[in-house]
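Work the whole structure out from these sequences, hints included.
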Amino acid sequence: MMLDVHHLTVAYGPIEAVRDISLNVETGAIVTLIGPNGAGKTTLLNALSGVIPIRGGNILFNGQDITRMSPHRRVAEGIIQVPEGRLVLAGMTVRENLEIGAYRRPRSGIAADIARMQERFPILKERSEAPAGSLSGGEQQMLAIARGLMAHPKLLLLDEPSLGLAPLVVQMVFDIVTELQQKGLTILLVEQNARQSLAVSDYAYVIESGAMVLEGSAAKLRSDPAVIRTYLGQSV
Amino acid sequence: MALLEIQNITRMFGGVCALNGVNFSVEQGKIHGLIGPNGAGKTTLLNILSGMTPPTSGNILFSGKNIHMLPACRVASLGMARTFQNIRLFPAMTCIENVIAGQHLIASRPLLPRLLQLPSAWRQDHEYEEDAMATLSRVGLENRAQVRAQSLSYGERRRLEIARALASRPRLLLLDEPVAGMRHGEVSQVAELVRILAGEGMTVFLIEHNMSFVMALCSRITVLNFGQVITTGSPDTVSRHPHVIEAYLGVDKSS
Amino acid sequence: MNIFLQQLINGVFIGSVYGLFAIGYTLVFGVLDILNLAHAAVFTLGGLVALWLVQNAALSIWLAFPLATLLSGILGLVINAVAFAPLRHRPDTYFSGLISSIALAIIFESAALGIFGARTVRFPINTITVHIWQVAGVTITSLQIEIVLIAACLMAGLTWFLRHSRAGKAIRAVAENERTARLLGIHVDSIIAFTFFISSALGGAAGILFGLYFGALSPDMGRSIELKGLAVIVLGGMGSIPGAIIGGIAFGLSEVLTVAISGTSNLRDAVAFTVLFAILLLRPSGLFGRKQIRET
Amino acid sequence: PAPAKAAAPEAKIGIVFSMTGGAASYGATQKNGAQLAVDEINAAAGATGIHIKPFFDDDASTPQQGINVFKKFINGDHVSAIIGPTLSDTAHVTDRIAQASSVPVLGVSNTAQGITEIGNYVFRDSLTEAVVVPNTIRTAKEKFGISKVSILYGNDGAFTKAGYEAFKKALLDQKVTILSEQTFAKGDRDFSPQLTEIKSQSPDAIVVSALVEEASGIVSQARQLGIPASVHIIGGNGFNSPSFIKNAGSAADGVLIGAAWSSTASNPLNQKFVKDYTAKFGNPPDQFAAQAYAGVYIVYDAIQKAGTPFAPAKIRDALAGIKNMDSVLGKFSFTSGRDADYKAVLQEVKNGKFVVVGE
Amino acid sequence: MDLHHIFTQFYAVYGSLINFIGINSLLAISLYVTLSAGQLSLGNAAFAGIGGYTAGILTMYLNVPYMVALCAATLMSGAVAVVLGFPVLRLRGVFLAIATLAFGEVVRILAINLQITGGAEGLTPIPNKTQAWMIFTALALVGYFMAVLRRSRIGWSFASIREDETAAKAMGINTTWYKTLAFTIGAMIAGLAGAMSAHLNYIITPGEFGFSAAVQLLIYNIVGGTRIWYGPVLGAALLTALPEILRGIGVSAGPVRMGVNGFILLMVILFLPNGLVSLFSRRKD
Ligand SMILES: Nc1ncnc2c1ncn2[C@@H]1O[C@H](COP(=O)(O)OP(=O)(O)OP(=O)(O)O)[C@@H](O)[C@H]1O
Ligand SMILES: Nc1ncnc2c1ncn2[C@@H]1O[C@H](COP(=O)(O)OP(=O)(O)OP(=O)(O)O)[C@@H](O)[C@H]1O
Ligand SMILES: [Mg+2]
Ligand SMILES: [Mg+2]
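Protein chains in written order, with my numbering: chain U, 1 to 236; chain A, 1 to 255; chain R, 1 to 296; chain Y, 1 to 359; chain Z, 1 to 285.
Because the hints were derived from the structure by calculation, they are not lab data.
Yeah, the Cβ is synthetic: ideal placement off N, Cα and C, and Gly gets one too.
There could be a bad hint or two in this list.
[Claimed, not checked] Taking CB as the label site, the calculated pair distances span:
hint, chain 1, residue 1, chain 2, residue 2, range
1, U, M1, R, H164, 39 to 47 Å
2, U, P14, A, R195, 54 to 62 Å
3, R, P66, U, I110, 47 to 55 Å
4, R, H131, Z, F263, 42 to 50 Å
5, R, H164, U, P122, 24 to 32 Å
6, Z, R92, U, P14, 51 to 59 Å
7, U, A115, R, H164, 56 to 64 Å
8, U, P122, A, S234, 48 to 56 Å
9, U, E208, A, A2, 41 to 49 Å
10, U, P122, R, H131, 57 to 65 Å
11, R, L281, A, N59, 48 to 56 Å
[To be verified] Listed next, the stretches of chain Y that the computed footprint assigns to chain R, with coverage defined by at least 3 CB atoms under 8 Å from CB atoms of chain R:
hint, stretch
12, 38-51
13, 202-208
See the structure below:
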């Protein structure tokens, strides 16, 4: 088991945004987290990254208790988050963004990795010396994903990776996700496109209003009528 | 009748040509979609329409009036409101305060009656507040009214931004990726809202990458690629356009 | 003509002194965007401590200099820990940090007053040997040349450091977005502390050089340069290290040239500030500042 | 109210200087000087004489705080007289309060114009530049045949500005040509642009109105820029401090200083003062210390003449009547305008020492 | 001791302090106005100077009635602010702060060099015409104005610009106009306060409105809290009174008092997150 979350509670002041949630992520699996706006998905990922304080419960990573570990050490351990809303370093160049993605890694191989990312997302090569903030929304999203991959994560936390991406690129991102899984990476996925994310996942959790309401294999949830109604749907 | 006419708009950023001779028009009372690959120039076009960025060349007619040189606040006062792709709320204000601030163009709130403590001032405040509350409930945020914008989740922020844009009762509403970060159920709610707005006579011009949303909602769609219009047409024709499929849609595997 | 040349030299020199003060300042102010108004107090203390070491502990300046610089760096850590770190997560951290640093500056200055007294003092006359050259009616001293060179080297070194080194990039990342920096595995708190250390060490070193050259140290000596230092950073462009030095020289030259051209110095500072004002209107983000990148 | 039956009546005196802020360096030595005088007086008063109860305070170099201190002295502590404040700016405001409350106030460092004109309760023992300077210029002209000079002065402070005006008037009176006027601001450390300009005009002398912080820098930079020692530098009260010599080093040699006090004056009171002050505080006194020291004695003298420490009006009258009193400053009198009247000195720095070269 | 006596006694000692609190409060509010529109101006001390000199020159040389001089000072500062505001308010953040500071320095140096302003010695003797009731009436009116302004169209526009200028523009707010308005209102209040201060102190000198005076106004605001108009008043009151309080409790004059002063300032900032107002208001966050 790569990730074990026990009875996690996270609060902003008096409001508990995540309440007593337990979940686990098998090594090498893709696990999807779905839930409506404001359910607490981002909060949960941030708690896993250690950037917001935890009120209760604990987190085990590869058996080690990391509940109180500081964020930079978690990154060093291999827990990488691609944050919601991209958060690129707007004033730094695209290349520098990629370089800093590999901050906790030994220097060797960084250049090769950058080349690989640029091959995947050619815009990152084209605009390599432009400030990241001048990119379009979707281009920034590609940069954010590439930057996350630069860190060689063990556990990748993706928060809405397809946000603002054109359909073709969304497709590509899901291809990357499956490809990464084949390379042995473990992925926890929060995705607006629930249909596609369930399609690539092994297991899924549904949270609503900060609490876990449903879990099961991805296949099982895909045929759950409640899930279909609110998260998958057929047409608008 | 065309409410908005975009004539030969070009925009350069240093060496990058974000828009190159864009021409099309948006009909009064319709929902018009703008799609295209990442970096095609959609947001740039929206910025030009709303007066946030001047075009390098070209004209924009808004109900017959040339607006391409007007500052953003003047454009807005002609009845155009917008949302931002990367969401720009008033973070320290509560949700309802955001909407009240959005009423700027329709709420007069004169100073003198206030200084004299006339009851009309308070009555007015009360009315505007109720109006703001109604707008909030249109986007499903009525029970978040007293929460600060900065503590909303991503999807909630998007909706609050729409509410704030609606607060000024614009004739033309520009939405940049209104349903980004929303799941099926929530997307339907926003779609429903946009439909109602169009039914009330508002013209909506929106950018979105969620194809089922765009296709179901828009009566006309313009496709941009590399700063140029590939085609403008009905959802059906657009989605079957080979260039559009090649450059943008791809072959959808999941449906 | 020689007068004019002499004035140019004067301008470059005093400009380098402003730049020297500004360069440490701009690391925290320009790059991290934290306005640390205790910097001038560190500048003062650096000079006074070095003087104390030379005079009372009878150390050679070559030992006193690094020691006082180190101590200034430690003061920077104190400033960060007391005035900034506790406020970092407040919504109004920018202004409250600014004020708490003023509070610290007051405390430092009162300490300097209490410990070193209010009198203007100087390094013993032969602390360092200074050569004076007079060539074709133009006077220049070895210490002047050294100070200009040090300013130039610091400019080049720090620019390289920020642009290419790992720590430099981390500093910029923290400046751009603290939250992202954390998610990327940067130990934000120690990066900020480190930046404060470097910044204050540079500030203290500037104070020592200032004291050595001008031979006048007093507890309030930071005050008059503080304002010009701020102006210089903004003139050069926030976050730009070359901007700090070149802005300093531009400011110094505008002061000196006012005297040289008008023959009187009454309006010297008024002219310098008017130039600053005009440059800001023409280039709203300073000489070397990067322009606003897209907002929408 | 007069509880004057006790053997040793106490005279409450408010003493306010700038102990922090921009003028802190003057306030510090002023306070020392005043403290020394108070201690001496109280020791000498014995069991029966009038003692001084000093209320020391700080105006932080700002008028606002000065006003607050004066109000507290007058209405809270009910002092009989006030000594201070350090700066003329502050005195302009505070002395009006003293005047309005009929409490005598003695400035010991204010030299700006118009201060004693505030009213008949306002005195000062600081010789204004207007008194010192003409003499300085005349002697310098006679001795060194100076006919054309450049002026350098601080134009943002009342003290240096007043000095400049006095110099200018004296130079015009003596028909000395003024080649140019240069200025600097408080806190400036670099004077090379102005001095370069001056150098190019080849004056016989440079007339400087500056306080001690700037004075030593000006003198050393002038010499460093290659202005030869044959070009005399003439300064005023601001130069009259041991730290000037200490900070300017050998460049100070040959500088002419017209001043209100000389540390080397042979007057025995002065000799004793310099010795005691140096012993007590570890540093030799400067002019500010001497004037403050003298100020306390002057006020004390008036109190004794008034016979009671509790009648400010009588103290005022006694002050106004002071004539030829022996003090560290020399034979001290007040003019009818309540300004100081005694002989200024002209000093030259020789081998790192002030030497009196004329009166 | 009867109460009346105690009161007169208190007023005799602390009357001027109370007046200074009033004047400093007005100055603090003048900056609060600009801050409430998200603009940091370090020129307000200079505007106070402009007001002070204008009024002082009018009453001293032209024997203009005091109330007329006050109005003239207010208008003069406002007029300068309008002229200055349009070019300067394109600047943002610290660039605006430094540009206004540069303006302040230029004004200060001009005041030093001009004849009519009395040079470095300042303008004196200005007739003493300011009375406590004038200061506090002005403060009450300005405070009331600020309280009402908050919920008016102007107030909402200021708040929007402060929160996000780009979004405010997109909502139809003429940001240039409103920023200039905020700047001008602030300058007018500062000019009024400066004029009153000059007629309280008999003198106005260039040294009174330099960099540290400008920063002092910011300190009042932050220490008091900028959430509501009386925050700056509380800040000004505490910091103006602090030296007197320390004097009163016997902290010895000189470096020690200065240090304690700084220490208390630090403690207030560290332990009262929203400034002194948080001691008085219900909403805690
Ligand atoms: N900084 C904050 N302060 C206070 N409350 C917050 C903060 N951030 C989030 N919340 C609240 O916590 C709850 C969960 O938010 P979160 O961002 O985790 O939702 P989410 O599931 O990621 O939603 P979305 O799909 O919209 O991104 C929401 O009700 C939100 O209002
Ligand atoms: N201020 C700017 N400076 C430099 N380049 C810019 C700027 N604004 C936009 N661009 C470039 O112009 C192109 C168009 O950008 P725009 O944001 O309009 O794309 P978009 O169609 O909205 O894409 P997306 O769907 O990803 O949001 C992009 O390549 C972008 O990098
Ligand atoms: Mg989220
Ligand atoms: Mg876009």
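Hint check:
At roughly 41 Å, the beta carbons of M1(U) and H164(R) sit within the given window of 39 to 47 Å. Distance hint check for P14(U) and R195(A): the Cβ-Cβ separation is about 38 Å, which falls outside the suggested range of 54 to 62 Å. Between P66(R) and I110(U) the beta carbons are some 35 Å apart, a value that contradicts the proposed interval 47 to 55 Å. A beta carbon spacing of about 46 Å between H131(R) and F263(Z) agrees with the range 42 to 50 Å that was offered as a hint.
Judged by the Cβ atoms, the range 24 to 32 Å given for H164(R) and P122(U) holds: they are separated by roughly 25 Å. Checked against the given bound of 51 to 59 Å, the beta carbons of R92(Z) and P14(U), roughly 36 Å apart, lie outside it. As the Cβ distance of A115(U) to H164(R) is approximately 19 Å, the hint placing it in 56 to 64 Å is violated. Take P122(U) and S234(A): their Cβ atoms lie about 32 Å apart, and the range 48 to 56 Å is violated.
The given range of 41 to 49 Å is respected by E208(U) and A2(A), whose C-beta atoms sit roughly 44 Å from each other. In this structure the supplied range 57 to 65 Å holds for P122(U) paired with H131(R), their Cβ-Cβ distance being about 60 Å. Against the hinted window of 48 to 56 Å, the Cβ-Cβ separation of L281(R) and N59(A) comes to about 31 Å, which falls outside the hint. With 0 residues carrying a beta carbon less than 8 Å from a beta carbon of chain R, the stretch 38-51 of chain Y misses the three-residue requirement, and the given coverage is violated.
Given as covered by chain R, the stretch 202-208 of chain Y fails the check, having 0 residues with a CB less than 8 Å from a CB of that chain where 3 are the minimum.
The structure shown violates the earlier hints numbered 2, 3, 6, 7, 8, 11, 12 and 13.
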